[in-house]
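From just these sequences and the hints, can you work out the full model?
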Amino acid sequence: MSPAVEERHETRDTDLGDEELRVRLSKTWGSARGLIGILSTVDHKIIGIRYAVTAFVFLLAGGIMAIIMRLQLARPDSHLVDAELYNQLFTMHGTTMMFLFGVPVGEAFAVYLVPLMVGTRNIAFPRLNAFSYYVYLFGGLMLWGGFALSIRPDVGWFSYVPLANLNFTPGKGPDYWAQMITFTEVAALAVSVEIVVTVLKQRAPGMTLDRIPLFVWTLLVHSFIIIFAMPAIMLASSMLIMERLVGTQFFNPDAGGDPLLWQHLFWFFGHPEVYIIFLPGTAFVSAIVATFSRRPVFGYLPMVLSLIAIGFLSFGLWVHHMFVTGLPEIGAAFFTASSMAIAIPNGVQIFCWIATLWDGKPVLKTPLIFVLGFFFIFVAGGLSGVMLASVPIDTQVHDTYFVVAHFHYVLIGGTVFPLVAAVYYWFPKVTGRLMDERLGKWQFFLAFTGFNITFFPMHLLGLHGMPRRVYTYPAETGWGGLNLLASAGALLFFASFLLMLYNMIASARSGALAGDNPWGADTLEWATSSPPQPQNFDRIPCVTSGSPLWDQGDHKAVVGGLKVDERELVVTSLTEARPDIREESPAPSIWPFLAAFATAAAFIGSIYTPWAVTWGSPVVAILLVAWFWPKTIEENV
Amino acid sequence: MARSVIDVSGLPTYAFGSRVTPWWGTFSFCLLEGTGFALGIGGYLYLAVTNKDWPKDAVPLSLLWSALFTLVLVISALPNFLIKRAATRESLRSVRLLLLIMSAVGLVLIGLRIMEFSALPVRWSDNAYGSFVWLLLGLHGVHVLTDVADTLVLTVLMFTRHGTGKRFSDAEDNAFYWYFVVLSWFPLYAVLYWLPRF
Ligand code: HEM
Ligand SMILES: [Cu+2]
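Line by line, the protein sequences give chains A and B.
For what it's worth, our numbering labels the leading residue of the first sequence as 502, then goes sequentially.
For what it's worth, our numbering labels the leading residue of the second sequence as 5, then goes sequentially.
The set of hints was computed from the structure by calculation and includes no laboratory data.
Each statement offered as a hint is correct.
Covered stretches of chain A, going by a simulated chain B footprint (3 or more residues, C-beta under 8 Å):
#	region
1	728 to 736
2	1082 to 1089
Restraint ranges, calculated between C-beta atoms of paired labels, are given here:
#	chain 1	residue 1	chain 2	residue 2	range
3	B	46	A	650	31 to 39 Å
4	B	9	A	1014	28 to 36 Å
5	A	1114	B	122	14 to 22 Å
6	B	108	A	565	53 to 61 Å
7	A	1109	B	75	38 to 46 Å
8	B	53	A	978	39 to 47 Å
9	B	187	A	554	37 to 45 Å
Residues from chain B that face chain A, not an exhaustive set, calculated with beta carbons under 7 Å:
#	residue
10	13
11	23
12	25
13	29
14	131
15	135
C-beta: ideal position from N, C-alpha, C; glycine also.
If you want it as structure tokens, here you go:
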């Protein structure tokens, strides 16, 4: 190695002035241009944005399915769509919303924000992160590509056997469904592992456990829930596809199997799934409530403990989805009790948020307005949920529109409202420009009224006995009026998203410039430029309080001594975040994309022949070796 | 603006065990894969309890190959332990030698698992019991296969110019994962081979 090269590698951040350091670091951490460069990037911000955009596209696609269903149900005896297509529509709507929008949109914000909030330069395992995005993308494209080619699952978003078995559902629809599940769960699991490691080991020096932002705590718990819940659905979907493709007998009662096994495995995942979708929403709420109240969230410790309690309790509850399957008395009582118990930590959280607003001086900007909408809707949804947790009521309204109303209150109230708030809140960080406030308030008005007009009447329809998953109903039932109302609301609600889309596009071009910290917030993502440089921070901050941007005054402590021309980041100790290692973060690489592509090909091929796995695995293995094999000697030291 | 600086220039660029990020990555994957095993076993037991045909479906599996497999697996813990130690001490000669041993052991284990599959008295399509036997053995087999493949690649790597520095940490991480492969076998072994005999 020539002395000149030696010299270059040795440049440390302490040797350079602010301007030159910024330029040099952004070259070191930047992504290349061109197609290969785009596919090779490992920048968590770029991948986070890709996740978010993809999830939003799926939200719109799932929303369009919903609108078609509502048009069909607006009048009795309607023949806009037939029974078969209706089944496909609600299956695609539910599946898209849960697996292609609900889970990935949470990952999107985690991937983009967590590394910034803990003050590091990239997510842990950035190549795995790139891989996970491509796997998710291919899974979604596969499901919707199949739909376009008339390979359409129509057995509901939980694909119960025996209905989903080969003899009742011959086509390839459920196979596509099952493989899409495996794709998206691989992606979610990978991101969860990255988040866990980023939070545990890459926090900025001084960010002790009790200085971790609540947003980050929430996504840490969220990741652990995924780690323990998602294997269940991966196992289940693999068993289902084996049942259909190679003739296993897991769910066949004539050969010693049991269809209820599917339900148990599915809901072991499916109930925590509700929290998987909902926890990122609470993370947004914690961040937004603190910022707009101008004080940290009241009750940090109870908040963290409630989060952990929710994590545990979310696993005790799956059986309540199966009350009508005839469980033993005592079992049912136990599960009723634990279904209700989770209301306690949820209540604590809501209480702490309200106390924060009460004590602070709330500023009514669009993000906070959407959070207030969330409180209202989510509490209503929680109430109808506590009603459903009681066995007698559940037995009465099981499989009616009461249930449809309940879970849309929880899912949309708990996820979509905070999500819109989060878009308005972090948009300036991502693009450097603020979204329009006036349009934001109009959007809230449309969304809130539209939502309630759509889903409140469904409670009543359920009590009047309208079953879910029917493609039409006769006029004599008298359900026509409320259904028409619901459909009109759905159009309003959908329009609110089109308005948001317009606002985003227009503001990205010509919105007001945001600066580093437009809301005067306290967490580290606001300590850097908007949008952030590839290296996130020119000098890694040292943290001395839970609200670093509010408390540091003008004394700013930073890390010095990292190499400038290599991708070095600080690994810190688990609890006290003392600096421990200068670890090298992996550089961009095309291999994760190729590995994801080969994995997708093998998965899709396996629907047609099991040999696809036999031939696909060695290819994937070779690509993985190429991915991990060191490219230079310097990488080893 | 006043700025104080915490100097990290003297910190190492890699370390071993739970100080480094790959250790936590492997640990998280062990958690999630362990959950997968636990749920698989749970499903097996669920059917064993609820299904009255189970006792006659559940033909006991032969103890021969599985016993050899278990034996070799247990013995493999010793070179695995030594690798961890040699890697931490960054002794290239021992790491190379031990990796060769571990690769050989791994290949033997794969061979034994193949023999096991070919001698199974049930097929996956015979009944739910058969399906579970194949599923659980297959699931564990995939773990053996991936870690052996990883070991082989690592062995080659350590014989190239890359066999320095951080790669010792990789070798240690690989040994850590092997413990998971070993430990996750015992509950499966008990449930698949011994439970049906009682
Ligand atoms: C534009 C807003 C939305 C409207 C108008 C809407 C409407 C509907 C309708 C009409 C159904 C079918 C009811 C039936 O026939 O049983 C349905 C089912 C469902 N929706 Fe939505 N929905 C919306 C948004 C969402 C969102 C954001 C989520 C999740 C995050 C979601 C999750 C589901 C699920 C899981 C089902 C059940 C599918 C099944 O039965 O398999 N929906 N929705
Ligand atoms: Cu539930």
